[in-house]
Amino acid sequence: MIGSTGTRRLLWGSARAARRDTAVFAIAAATGIIVALALPATLSSIVDAIARGGSPAPAIVQLACLAALDLCATVVTSSTKNASVARSGAWLRRSMVDHILAVGLPVTRRWAAGDLAARMVGGASAAADGSFTAVTVALTAVTAAGAAIALWLVVPFGALVFLAAAAGAMYVLRRGTKAVGRTSADYQSAQGRISARLSETLTGARTIEASGTQAREVDRILASLPELTAAGRANWRTQGSVGQALSLLTAAAQVAMLALTGLGIAAGWLQPGDMVAAVAYVTLGINAVHQLSAVTYLSHVRGAADRISQVLDTARPQFRTPLTTAPQALLLSGIIVLDEGRRVLDGLDLAVPVGSTVAIVGRSGSGKSALARVAGGLLVPDEGSVTFLGQPVLPGDAAYAFEQPELVGDTIGQALALGRPQASPAQIARAAEAACAAGFIRRLPDGYATPLTGLALSAGETQRLGVARAIVHDSPIVILDEATSSLDTATEAAVSDALRTAFAGKTRLVIAHRPAAAAAADLVVWLQDGTIHAVGTHRDLWAEAHYRQLFRTPEDRA
Amino acid sequence: MIGPFLRNRNTAALLAWSALDSLPVLLSGICVTMALDRGFLAGRRDVGLVWIAALGAALAVRAITARRINERLADLVEPIRVDLVRRVVRATVSKAVREPGRTRHSAIAQITSQVDAVCALTGAAVLAVRDTVLITGAVLIGLTALKPVLALATAVPVTAALLLLIASLRTLAARQAATITANEEVAQESTALLLGLRDILACGAQPLAAERMYAAVERLAGATRGLSRSGTVRAAVLAIGGYLPLLALVGLAAWQHATGGMQTGVLLGVATYIFAHLLPMLRATVQNANSVGLPLLITVRRLREATRVDEVTSCRGVAVPAEPDLRLERIAFTYGRVAEPIVCDLSVTVPFGRHVAIVGPSGVGKSTLARLMCGLSRPSAGAVLLGEQPIQRLDGAELSQAITLVPQDAYIFTGTVRENLAYLAPQASTTTLTRSAEAVGAAALIERLGGLDAALEPIRLSEGERQLIALTRAHASAARMVILDEATNHLDTAAEEQAEDAFAKRGGTLIVIAHRLSSALRADMVIVIDDAQVQWGTHEELRTASPCYARLLRYWNTSVN
Chain A
1 MIGSTGTRRL
11 LWGSARAARR
21 DTAVFAIAAA
31 TGIIVALALP
41 ATLSSIVDAI
51 ARGGSPAPAI
61 VQLACLAALD
71 LCATVVTSST
81 KNASVARSGA
91 WLRRSMVDHI
101 LAVGLPVTRR
111 WAAGDLAARM
121 VGGASAAADG
131 SFTAVTVALT
141 AVTAAGAAIA
151 LWLVVPFGAL
161 VFLAAAAGAM
171 YVLRRGTKAV
181 GRTSADYQSA
191 QGRISARLSE
201 TLTGARTIEA
211 SGTQAREVDR
221 ILASLPELTA
231 AGRANWRTQG
241 SVGQALSLLT
251 AAAQVAMLAL
261 TGLGIAAGWL
271 QPGDMVAAVA
281 YVTLGINAVH
291 QLSAVTYLSH
301 VRGAADRISQ
311 VLDTARPQFR
321 TPLTTAPQAL
331 LLSGIIVLDE
341 GRRVLDGLDL
351 AVPVGSTVAI
361 VGRSGSGKSA
371 LARVAGGLLV
381 PDEGSVTFLG
391 QPVLPGDAAY
401 AFEQPELVGD
411 TIGQALALGR
421 PQASPAQIAR
431 AAEAACAAGF
441 IRRLPDGYAT
451 PLTGLALSAG
461 ETQRLGVARA
471 IVHDSPIVIL
481 DEATSSLDTA
491 TEAAVSDALR
501 TAFAGKTRLV
511 IAHRPAAAAA
521 ADLVVWLQDG
531 TIHAVGTHRD
541 LWAEAHYRQL
551 FRTPEDRA
Chain B
1 MIGPFLRNRN
11 TAALLAWSAL
21 DSLPVLLSGI
31 CVTMALDRGF
41 LAGRRDVGLV
51 WIAALGAALA
61 VRAITARRIN
71 ERLADLVEPI
81 RVDLVRRVVR
91 ATVSKAVREP
101 GRTRHSAIAQ
111 ITSQVDAVCA
121 LTGAAVLAVR
131 DTVLITGAVL
141 IGLTALKPVL
151 ALATAVPVTA
161 ALLLLIASLR
171 TLAARQAATI
181 TANEEVAQES
191 TALLLGLRDI
201 LACGAQPLAA
211 ERMYAAVERL
221 AGATRGLSRS
231 GTVRAAVLAI
241 GGYLPLLALV
251 GLAAWQHATG
261 GMQTGVLLGV
271 ATYIFAHLLP
281 MLRATVQNAN
291 SVGLPLLITV
301 RRLREATRVD
311 EVTSCRGVAV
321 PAEPDLRLER
331 IAFTYGRVAE
341 PIVCDLSVTV
351 PFGRHVAIVG
361 PSGVGKSTLA
371 RLMCGLSRPS
381 AGAVLLGEQP
391 IQRLDGAELS
401 QAITLVPQDA
411 YIFTGTVREN
421 LAYLAPQAST
431 TTLTRSAEAV
441 GAAALIERLG
451 GLDAALEPIR
461 LSEGERQLIA
471 LTRAHASAAR
481 MVILDEATNH
491 LDTAAEEQAE
501 DAFAKRGGTL
511 IVIAHRLSSA
521 LRADMVIVID
531 DAQVQWGTHE
541 ELRTASPCYA
551 RLLRYWNTSV
561 N
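Protein sequences appear in the order of chains A and B. The numbering of the first sequence is this note's numbering, which starts it at 1 and goes up by one. The numbering of the second sequence is this note's numbering, which starts it at 1 and goes up by one.
What the hints contain is simulated information worked out from the structure, not anything from laboratory work. Fair warning: there could be bad hints in the mix.
Covered stretches of chain B, going by a simulated chain A footprint (3 or more residues, C-beta under 8 Å) [claimed, not checked]:
no. : region
1   : 32-40
2   : 53-66
3   : 90-99
4   : 111-123
5   : 195-209
Chain A side only, calculated, beta carbon under 7 Å to chain B, not exhaustive [stated by the list, open to error]:
no. : residue
6   : L198
7   : A205
8   : T325
Cβ coordinates follow ideal geometry from the N, Cα and C atoms, glycine included.
Kindly generate the complete structure, drawing on both the sequences and the hints.
What follows is the structure in structure tokens.
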């Protein structure tokens with residue numbers, strides 16, 4: 001059983017969001033079923049009235065009323081079904097957005113962006129189908145049962161014929177689903193091979209262009225095409241056999257019903273109208289049984305809801321309360337950060353005096369990045385607190401520049417103003433100038449208005465935009481996390497000079513990988529295994545050989 | 001892209017089998033009439049049962065043909081699948097090559113699922129159209145046989161209803177397309193949100209991000225509500241095409257029976273046609289129009305857009321000269337109209353066999369210059385000449401043999417080591433490949449991988465190892481000019497030196513876009529680019545003549561020491 005309490009709560013919530021539409025849908029759909037069950041009986045009584053020479057007028061009026069009711073039900077089911085899906089879907093998606101923004105980074109550590117987006121789009125769509133699908137399946141079962149009862153009322157023996165045919169149809173459908181599952185597995189593996197090769201080819205676009213080997217690549221990708229289409233054919237064959245079996249069952253039931261009612265009419269214990277009614281009920285019932293296979297869709301719905309509730313079940317972080325005193329520093333005390341049981345930061349205490357610059361150095365894996373995230377409120381530590389002037393640091397309180405910034409927004413200009421949407425174009429341009437980004441922005445097709453989609457920026461260009469964004473953000477705390485690592489040394493020096501001016505007077509934390517950055521800081525904090533190994537000025541620490549080794553790049557070592 | 005398949009002999013075969021398929025519908029009313037009027041109601045049970053058995057036989061035949069029809073359907077649809085997959089692959093590769101970085105990997109999955117959908121939907125659509133046409137035909141023929149006046153009273157409204165459905169398809173399709181677009185928008189926005197989550201939090205931009213997502217979610221909800229129009233169409237089609245003839249039947253029957261004009265069996269037979277076949281067919285048709293027809297129309301349209309390729313006609317050009325000098329004559333290059341130029345009025349000659357390094361700060365357009373030099377990009381002004389010929393007049397296939405550009409991101413594919421190394425020279429011998437591998441410093445790597453015929457899994461290689469393979473591949477090619485575009489940036493300095501020396505000794509022209517300044521020290525000639533300013537000369541000349549070069553040199557020295 002999949003459904004956890006979270007999943008059930010989620011399905012409940014999304015159903016509640018659309019409860020009015022779903023209720024109207026259920027009423028309309030039930031009306032449609034009543035009409036479907038009443039129509040054969042009405043037609044039958046018209047036939048009998050005419051055959052007996054009586055007046056069919058009341059029954060004809062009834063037929064007209066049923067037709068009108070059916071049409072109304074058709075219109076209402078369609079509109080309420082769509083409204084219900086729309087409401088439930090919007091509720092699910094909004095809940096996810098709210099939760100993801102509240103939880104923050106732990107969400108992206110657990111799920112890839114593509115995976116989460118799939119849950120948000122396809123997953124939410126499937127889960128939103130939940131309420132109306134449940135209603136539909138229930139009503140389909142009612143239809144099958146109703147048809148059986150109606151049949152029993154008309155021709156008692158006919159109900160047995162129906163039950164036999166229904167059992168047969170269920171058996172065929174079950175086997176059919178399994179057989180289709182097998183052939184589609186073959187199909188998907190062939191398709192997977194083609195997609196994988198295509199994906200791989202995309203990584204080599206530049207090489208393929210320069211070598212003129214497009215045609216050869218296409219042939220290589222399509223090597224599995226014969227297997228794909230063979231599996232496709234097998235699929236059609238399987239579907240054909242299922243269709244054949246179902247068609248035989250229905251035919252047998254219909255013929256049996258015709259023969260039975262015919263004999264009954266000849267014997268005088270059935271009316272001519274019963275023939276049309278009996279055949280109609282058996283057909284209605286068997287079709288309902290076919291449609292009951294939609295019940296498998298419910299497990300699909302539950303699976304989708306399950307995947308969404310996994311996301312919604314991640315705990316929201318708790319921000320600590322303010323301190324009673326207001327020390328003039330960015331204060332980290334007793335910080336513990338866990339990653340799958342490992343202590344990434346292990347009881348770290350650090351005070352960065354207001355207006356000073358602290359460089360963090362250490363080998364990879366020593367906890368530098370975690371510290372950078374914790375210090376600016378991006379990551380809430382498992383234990384300990386981060387305060388600035390006594391107030392807890394929340395996301396957005398610190399301006400960050402990352403090693404690999406992700407640009408968010410429609411255009412370059414919007415991306416730069418992410419931290420301060422009200423920034424003027426002049427402010428943005430000044431920041432870009434300081435980050436040595438203005439030159440290449442001017443060379444883009446539309447300058448600052450150039451759309452981000454389809455823009456192939458180099459790592460160095462993206463880093464400079466990230467730095468410019470941090471300047472625009474203009475916060476009292478600045479955290480530079482290897483923010484200029486992809487720049488050549490000349491550009492890096494220019495950017496660093498500009499940053500000293502732009503961030504003058506701010507409280508700065510710099511994750512450093514080059515000696516120049518450590519040398520420029522007031523104080524260097526040397527991290528090792530999640531704790532502070534040593535604190536001092538770059539000049540003092542430089543005396544230690546281990547410290548100097550931190551700055552040797554792999555290429556120098558070789 | 002589907003049209004031609006609907007006209008071939010598979011279609012004829014499908015129609016022939018389908019005729020058998022509709023026989024039970026045609027016989028149903030007649031058999032019921034006969035079984036009652038001549039049999040059960042006339043006291044002849046045997047005759048009644050014979051007529052029912054006749055219908056049973058027709059139904060059995062239909063059940064047997066169901067399988068055949070699916071086989072014919074496979075004959076019809078599978079060639080479409082093959083064709084579509086080919087088109088998709090060709091278009092995706094060609095687009096990826098023309099606009100690198102634009103094709104997302106998720107797009108592949110999307111297109112593959114669209115191909116599947118088109119195939120499944122085409123099969124379903126063929127069956128649906130067939131059913132609608134054949135059942136309508138069978139019902140009308142059967143009605144003509146039993147009660148011609150009712151055939152007419154049915155034909156007119158059914159035709160009207162079907163025409164109404166066809167007429168409404170365009171609006172319904174537009175609404176479905178709107179929901180698909182809205183869905184994609186939500187997908188895009190949410191991917192952007194999640195990829196940028198760290199940066200959104202860092203900038204405190206959660207309200208902004210939430211607002212954007214909410215807007216996309218609301219647009220999707222609105223588009224979903226817009227689908228309700230189909231319910232009205234469905235009701236109208238049912239009313240006109242199904243209930244109108246049914247009421248006409250009972251009305252006529254009531255009136256005629258009083259005058260003795262309609263026998264009970266005929267009444268039941270006619271009712272069978274209208275109630276048991278026509279009404280369900282109309283319900284199914286409207287349902288199919290919505291769940292098969294519209295998605296098919298939309299998916300085909302989108303696939304057509306996705307696979308549209310502007311055919312590049314590659315006509316044979318002039319032969320590439322044997323040992324050409326490369327001459328850039330007053331070239332300029334600009335992206336778009338308003339942008340500042342990347343290269344401006346550059347003239348430089350690289351004599352054949354020379355070793356050139358291009359240096360400059362990151363992002364000034366060194367790679368663009370490399371692309372211009374091998375004819376992959378065209379200058380906005382000026383000309384690139386190879387020998388005496390403008391480069392774009394040379395034969396394309398020959399040119400890509402003559403010049404090899406090795407980009408920073410090495411392309412390695414799943415296959416054998418040999419296939420990867422011989423990519424640019426499929427006929428290359430084992431000796432050639434081994435020698436090239438030794439020269440560039442990849443011999444140890446290839447031995448570790450298990451030799452030339454071992455299988456290569458790209459994800460198992462580090463960036464540096466990938467570059468070594470790409471370098472060996474270029475070294476083993478027949479190219480007379482090699483351009484290394486930061487192709488050694490993941491190698492350490494010693495390995496880089498070995499690789500560059502191997503290319504310098506290989507003969508032909510070597511152009512190195514330098515990642516480290518040490519590459520410039522090894523070259524015969526250096527080209528320095530800085531903010532659209534280009535200078536060239538030897539290392540010694542430039543250190544005094546170019547302030548930019550001097551600056552690069554100074555920082556490089558301080559970071560090395």
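Are three or more residues of the region 90-99 of chain B within 8 Å, CB to CB, of chain A? Holds: 8 residues of the region 90-99 of chain B have a Cβ under 8 Å from chain A.
Coverage criterion applied to the region 53-66 of chain B (partner chain A; beta-carbon cut 8 Å; 3 residues): Our answer is that it holds, as 9 residues pass the Cβ test (under 8 Å) against chain A, meeting three.
Measuring from the C-beta of L198 (chain A) to each C-beta in chain B, is the shortest one below 7 Å? holds, 5 Å
Was the hint right that A205 (chain A) lines chain B, CB cutoff 7 Å? holds, 4 Å
Confirm or reject the coverage of the region 195-209 of chain B by chain A under the rule of 3 or more residues with a beta carbon closer than 8 Å to the chain's beta carbons. Holds: 14 residues of the region 195-209 of chain B have a Cβ under 8 Å from chain A.
Mind taking a look at whether chain A covers the region 32-40 of chain B? Criterion is 3 or more residues with CB to CB distance under 8 Å. holds (count 5)
Would you check whether T325 (chain A) satisfies its interface hint, that is, whether its CB is within less than 7 Å of any CB in chain B? With Cβ-Cβ at 25 Å, over 7 Å, it is violated.
How about the region 111-123 of chain B: do at least three of its residues have a C-beta closer than 8 Å to a C-beta of chain A? holds (count 4)
In the structure shown, a violation is registered for the earlier hint numbered 8 alone.
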